[in-house]
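Asks: Protein sequences appear in the order of chains A and B.
Each residue of the first sequence is one higher than the last, beginning at 1 in the numbering used here.
Each residue of the second sequence is one higher than the last, beginning at 1 in the numbering used here.
These are computed hints drawn from the structure, not numbers from a lab.
Here a beta-carbon is modelled for each residue, glycine too, at the ideal position from N, C-alpha and C.
Keep in mind that a hint or two might mislead.
[Said to hold, decoys possible] Residues from chain B that keep clear of chain A, each with C-beta distances beyond 12 Å, as calculated:
1) 24
2) 75
3) 93
4) 98
5) 130
6) 143
7) 152
8) 214
9) 257
10) 290
11) 313
12) 336
13) 347
14) 404
[Said to hold, decoys possible] Okay, derived cross-link-like pairs now, SDA-like style, lysine to any residue, Cα gap no bigger than 25 Å in a straight line:
15) 21(B) <-> 53(A)
16) 228(A) <-> 21(B)
17) 393(B) <-> 224(B)
18) 21(B) <-> 76(A)
19) 173(A) <-> 182(B)
20) 173(A) <-> 225(A)
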Amino acid sequence: MVRSLRRPKLAVWKFASCDGCQLSLLNCEEELLAIASQMEIAYFLEASRATGRGPYDISLVEGSISTPHDAERIKAVRRISRVLVTIGACATAGGIQALRNFSQVEEWRRLVYARPEYVQTLETSTPVAAHVPVDFELRGCPISKTQLVEVISAFLHGRRPAVPSHSVCMECKRRGTPCVMVARGTPCLGPITQAGCGAICPAYGRGCYGCYGPTETPNPTSLMSWWKGLGVEDGDLVRVLRTFNAGAEAFRAESERREAH
Amino acid sequence: MREQRLSVRRASAVKRTKTIKVNYLARVEGEGALDVRVRGGRVTEARLRIFEPPRFFEAFLRGRRFTEAPDITARICGICPVAYQMSAVAAMEDVCGVQVEEPVRLLRRLLYCGEWMESHALHIYLLHAPDFLGYESAIHLARDHPEVVQRGLRLKKAGNDLMALLGGREVHPITVRVGGFYHVPVRADLARVAEQLKWARDAALETVRWAGTLPFPDYEHDYEFVALRHPTEYPIIEGRLVSTRGLDIPVRDYDTHFVEEHIPHSNALHSRLRVRGAYLVGPLARYNLNFDRLPAAVQQAAREGGLGPVCRNPFQSIVVRSVEVLYACEEALRLIDLYQPPQRPFVEVRPRAGTGYGCTEAPRGILYHRYTIDGNGVITEAKIVPPTAQNQKAMEEDLRAFVAPRIDLDHATLAWQCEQAIRNYDPCISCATHFLTLRVDRE
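Just chain B, same shape as in the assembly (with noise of 0.2 Å):
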């Protein structure tokens, strides 16, 4: 299987002008390659370009019941199931015009903690570490260094392990139900991961150490971050979507502001803003536009990483998520502090006519949903919007900045820091080529 193995490949004798491909991207989840061209010393061409299968989520989502969009787009990305369960019970009850219970709320927002824990914990240490260390992936940095992978094996297993606690199972949790939760934990189930969160508060804030001395290229990229904002709390099952130049919206107006279009070497669509283009949303975005709602010992934590309250450099991100890390220790261990079993486990929820939108803070990004229902509960349409996609522009934008003043270097060594720059991302192939639009352009 040659073409499965990275390639890199002088495109002609010319000083200065290679093509640097990368066929399959590795330690990303999806499937994706990376095509940079340089010719007379200038990045012409930088593509992500993603290949994916498409799997017609949008399509298949009409004629089904409104109950079922949780379970059924859980199965987009299983590596952040809840997100996509999030983001459609709150575009659910956001339609029918319910709103749950207090109690319900927080579990929710525990139960996305586990998420945040596992996802993140998975991105720093399986995924991007091994890069600052040069090392081809966190099994052969065991070798060298057992005790930091264990650490965050163990890290993400405390947040899996909350996740199959109130989920049932870690990967396509079964509990989550538009109006609530078919099941709800009682205090002693909760004491119990209390003590695991414990240990992996403090396995958080050393991660935050650790990640904040390794090396980092010398880069920085001026972004419009794009964020969910709450009023009082770090956002992560909802908030209005503002941006660092400005924006500043509800929910619903999301398609009034964002547009999608469909490129040729992708099978994921591009999202960009309509009037200024690229942004970036995830880690960075939610830092940056959220500081201030992050806990002062959390905020102390970032210092200690080498942060300030922003960040700009995309390979910082791995110190970022290591502060949402701890953020999400501190968060679900305050929430099991404040659990109350609630009255209902959840509310019934009639259909009405009508469109729905939710967007709630995936581990990668905002990831919105729209649904349109009939006053049976049968969906007729469906938007589903992951962050990967709307990150991809930011990514190519990314490459061609970072490619530009290193093109001297040897074709391995650009390679593999052209992949790192796009595991900065922590790109979600599999989540972004599964959205659709239904706008349709006939031509």
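Okay, chain A solo, but in the shape it has when bound (with noise of 0.2 Å):
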């Protein structure tokens, strides 16, 4: 995509999110000035305040759409950038503030602001995709800073990112870890949920709560059904699917079909 002389651009941009997406870049300590030096980093206020002119090769979008002016940025955002990766939860699933979705928005904002008249916000926080089209939706609460490395450089070179879209099972498979809810009864969302993590929780003898969302081909009602035989409670089953995407489509629909029984 990207060939000639000039550096390409990089902007990364932020919405609703908690910046630890954004901060994975920071995080790519070893990485981080080869990548400025491949690019010019053009525009990322947590990193400069330089702010240089768009378009933009690459923008990366943290953060889900949740305000009117956020809804209005973002297009601008588009306009301006050649190629936009969204990264993170809330930006491709409308993150843990997606909750709202499941409720009053106008309720909360009386519960928790006194003076809500102050506060703008939408009745939902979106995904970025669901405003302007997306050319790559980066999963993760947090992103892997592998998996963003390898997304800039794939953009970098014209060709698609080699993200993988299998469940967290391959990559327990792959590290070892002797299945949590086989060997121990442990819960797990592991088979619904996509690889990108390293299966950290099972590793570290936790069942896996989903932070990267559905994979490609998940099977939610199925696994409910075993997480019942192990004893959780239909609440339980809900809130499980509601955390930091709770908006994406299969994690939503099941939780509402089990919310409906």
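Build the complex: two chains, separate frames, hints provided.
Replies: Dropping the structure here:
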């Protein structure tokens, strides 16, 4: 894609989020200066007050769309970006703040703010792809910095990023971690969750809690019946699907089906 | 995107009347802006505008299980997730009447040392130092001084590696649970990071000496400092709340002494001491209230960085942070040396209806959590007060005092200096705006 004498321009944008995915770029301590030498980091407010003009060759977008102002701003970002990559669960699934989508945001605003009229917010928190076309979605809460470097490098060289869409189970197998559900009866979201984290939770003795969102072809209905068999209560089945990727289609649909029961 | 660029303009032709606007504050976490208005040579308005979108954490915590709070509240901040996890577990263990074993307590402290190192090194080298040296960013700084930036990045990495070892990953660690840890390391794992920490300790000492040579504006402010105070330790995960003007209370009395207000220009609430108003939390407050709890070698290093036992110049907070990085390295090495894996990584915690209180020292200052849970362990009320919300008033007061004698500077210079004054605080705007209160004021 980017084959010219000038260094390609990178921009990093923030919407509703915790900054953790942008931080993953700064956490590439060993690669950061190399990235900076290959690209012009033209717009990255968390790192620099210098703001180079667009258009940008790659825009990384963190955060979900949750205010009227941000719904407009994302369109402007799209217009000045050749490639737009969303990073993290907020930008790809609406984030934890998408829990409002199952509730009455007006009530929350009154509950939480003494002067709700000062606070502007939308009824929903939605992924960037619900507003503008997105070239690639990098999952995770937080994203994996290895995958981030892969995505940046792939777009620099005009190829698709090699980011797997299989489940966490594959990573467990590769790592040699015995299945926590089979061996210990620990409820685990691994079978329906996309790989990327390195299957750290099972390796560290707990079940996966789904921070990379649904895998390509998940069967949450089946997995939830297994969980039920392990003694998990109905309310907890709904809650476990409603965390950082509550707005992702497969998790949302199954949680609503379970709630309706 | 014109509005996203720094814009500084004259409000009118009247001499010494100007408006300094920085529409998007750079090199801070989250989204905020700065407005300072000067009329007839007087600062009439200084506002830190926070427009980071609200995320309603305290609302959706209601109805969740008490065991979920550490994973959920970690997502308030990517830079200091451990702080949220630690305040949450402290509050939940308080309400359930649980005390963890000493090795678990020390392991929490060790994990938190990793976060202090990572967060402080990020702020010192990537967010703050470029201001003093006149660069737009650390990447620009690295062109002229690569060794400085590389030292900072490696120091940050040492903190991140410690967090990843104990927590599974550096952003949003996965091992922390109410009652202890899902997983604890063996001694050999820690020996591996100890080598890196020894390098980090030397680099931190160099950082203190280097930070001490930066050019500091001549500016002091008479703050009321608020921090935790522990009988023997430099405060990280517990203590009483004390201040330089005589406050000395247990954490559970926080709400009796502190109150939050909602003002129109900010999505984050302003905290104040009910009787005295603005106060300051963070590295300066911890240092000033707990200098005597630092090991002699760290106190000596602080002196080499040009500090006495008390520091009132917020610009020197970069030196104080460096001193705290050094302390975190020393303390981590001490804790690794002491470490014996606990008998059990966690104790089973049975929920008990009631209200629990937790407060720990996030890198940016005290982070207060309060939860009410029912007998089934379901959260019925949550309150979270992050450091930046507590510092907002002090930040605005600082801007007023700082700008007044400098209003004849050219606009661009003054705007940059105001940004720097805000960056002294290392404000965490994403955190601040997720701060909510359950006190409802319907007019």
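Asks: Could you tell me which of the numbered hints above are not met by this structure, giving the numbers in increasing order?
Replies: 1, 2, 5, 6, 7, 16
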